[in-house]
Amino acid sequence: MKRVVVPVILIGLLAFYIIEKPLFEAYSQKIPGTPVTFDMTPIEGGTFEMGSSSSLNSDEKPVHKVKVDPFWMGTHEVTWDAFELFLDKNYELAISEEPIGEIVDGLTRPSLPYLDMTFGMGKEHKPAIGMTQYGAIQFCHWLYLKTGFFYRLPTEAEWEYAARAGTNTKYFFGDDSANLDVYAWTAENSDGMTQMVAKKKPNPWGLYDIYGNVLEWTADQYDPEFYKNSPANNPLNPAESLYPRTVRGGSFKTPAEEISSAKRFFNDPKWKQLDPQIPKSQWWFPEAPFIGLRLVRPLNPPSPEEINAYYTAAPIADY
Amino acid sequence: MKNTRRDFIKTSALATGGVLAANSFVIPGAYAAPETHLKLALIGCGGRGTGAVFQAMETGHPIKLVAMADAFRDRLDGSLKPILDKYGAEKVDVPEDRKFVGFDAYKNAIAEADVVILATPPGFRPDHFTEAVKQGKQIFMEKPVATDAVGIRKVLKAAEEAKAKKLNVVVGLQRHYQDNYRKTIAKIHAGEIGDIIGGQVYWNDGGVWVRPRKPEQTEMEYQMRNWYYFNWLCGDHITEQHVHNIDVANWVKKGYPIKAEGTGGRMVRTGKEFGEIFDHHTVQFTYEDGTVIHSECRHFPGAANRVDETFQGTKGTAYLSAGNHGVLTDYTGKKLYEHDRENNVNPYQQEHNELWAALVNGEYKFADAENGARSTMTSILGRYATYSGKVITMDEAINSEINLFPDTLAWDATPKLVPDADGFYPHAIPGKTVTV
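Going line by line, the protein sequences match chains A and B.
Residue 301 in the working numbering sits at position 301 of the first sequence, with consecutive numbering throughout.
Residue 624 in the working numbering sits at position 305 of the second sequence, with consecutive numbering throughout.
Hints are supplied without guarantee of correctness; some may be wrong.
Said to hold, decoys possible - Coverage of chain B stretches by chain A, computed from C-beta distances (three or more under 8 angstroms per stretch; other residues unrestricted): (1) 401-413; (2) 633-639.
Unchecked claim - For the chain A half of the interface with chain B, some residues (derived, Cβ under 10 angstroms), not all of them: (3) I95; (4) Q273; (5) S281.
Said to hold, decoys possible - Quick list of in silico lysine to aspartate or glutamate cross-link-like pairs, EDC-like style, CA-CA up to 20 angstroms: (6) K533(B) with D105(A); (7) K573(B) with E535(B); (8) K270(A) with D514(B); (9) K533(B) with E49(A); (10) K418(B) with D404(B); (11) K170(A) with E49(A).
It should be emphasised that the hints constitute simulated quantities derived from the structure, not laboratory data.
If you're wondering where the values come from, they're calculated on a predicted model, not measured in any experiment.
The beta-carbon is built from N, C-alpha and C at its ideal position, and this holds for glycine as well.
Please put together the full structure from these sequences, using the hints given.
The following block contains the structure:
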């Protein structure tokens, strides 16, 4: 009897320890029941100068000091390999080696798009594209139900902090856009389409394609004036209307010169004009084959109530 | 084609029973009375029909939505709310007695309007279109326009009548209103890549929505709610979606195939919630001049997507897609034409911009119904070929007497296709199933 009980207690303690104090290291997240994995990179917390004084864009000013808490960030942009499992429950069921469980089964899934949302650019190792911010958050919700870890979108501040990787220059490698070709897919070198992730060099903190390839969702409402009154700790401008919301990093369609760590992009209702239905899809932008996402997982997750509130916020009707 | 405003008013008035004053098309202008709206009715209040009303309103012309019809009250209410929110009581006047619900609702709603949007599931289109033409209305109708040959013949007949009455008919094959298609195909027709001798058209993606069965539903209601998976309503995805790409082939070839052969089945989408439709079809369409166009459509999640059209000419190739692609290339690889993909007009909006401009000017400009019917028929020919496994001629197909439509439309009536004891529906078996 004793011999049985001790290991059980040990395993229990170990599990408790892992949940309470996760090792803050790079890890590979397996999506349970499937062969799909994705990689997460630890980003130590710290303080940085957010914005740009030299930029011509007034919304990047004033430069202000911001502190962010530690988090993991997706080493890569989320690819179709993972996103399509979420997109189509029947596909998830077909791929999964075990039952997906009632809670995952009951999750609201995206409406299947009427268009080919890869826009002919392919799926394997290519960034998932065209999803709304709501769709991106619901993907995180699905991951939470699958893995038990709180994945979410980065705040603008977290994104810029991670992109800068300790630098104050326009790019994490300096100020000359000519060097961007080494690190990023932009209008100059992308051949007009998304590219497989991790084919270029990463930034100093190990993040691939943080510039270019696809724009990445953040959690924030876009407000050009926000930096004037930004909180100093973990700033977030909560999103209350569908447009404009902030996206970051530029895409395969963005000229290199327009990309920088500080550059703030935002979504546009035009991205949905090709949607023939009313209300328009809460899930898809049929004219934005350049918007994707990168995950964040905070080292210290909020309470289960806060997590639940984040995932279950009702979408705003779009028409 | 163009007739005068006076003729048009007369025609419309005659067709609607001669009540000119109450039902005038005359828009504020040189000699017209002010404050006259074109009265619009929406038949089929789903997402697409609601979207079409938005596009009509966005044209900026004086339009008033006056009636709505749907089989389901909840769909009607769900459609009216965003329209009213967005455009307000001045442009939206649908009181309780002009909300029509049920299988016969369309007749009453059509009667209230000058212009109708027909956007129910396609199985109803032949009867709705016939009625709208009979009542002398101007028409926007969604694709496809039928789900079997019996329906196609009705649409072709009504299309003739619409022409005789000079009723504008726009069909929602919106690639015809999309600049990259118009410009690129005009160049193909001008001979820039020689004669077209082959082509491939695709709609390969992951599939569409499913609406789960609810215990309180009759079989009729369930099929009406989950309509995509039942052929009398949908026509299978080769018709409901892939008609777009097949229609492009017909457009490029300036004609319709004379025969088809193909293969299809249910490979990955086999659950009972998926009714009777196949999850893949691949068809070879042979045209009068011997050209063979390969058509492929599938709903396979996890597989590669492809929704586009390619053609080979004697002097070069063409690539087209709804993502504003339009590229002509010669056989040395030199680009002869490349459509600018930026800043293109939304084709769903363009359909209405052009239709309503004609309507307010009293012009007769659009007779899309016949091509809509013949391209829909081409897709049905493809289905007849994949379902039967046989080589089917267009002649045989269009004369098929197999009628998918229920004998009686009522919530307690039984559709022709019913599930077995386990809830699964019989589906076509190539080699066994008879389609013509």
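Hints that the structure is at odds with (numbers, increasing) = Numbers 2, 7, 8 and 9 - these are the hints that the structure violates, sorted from lowest upward.
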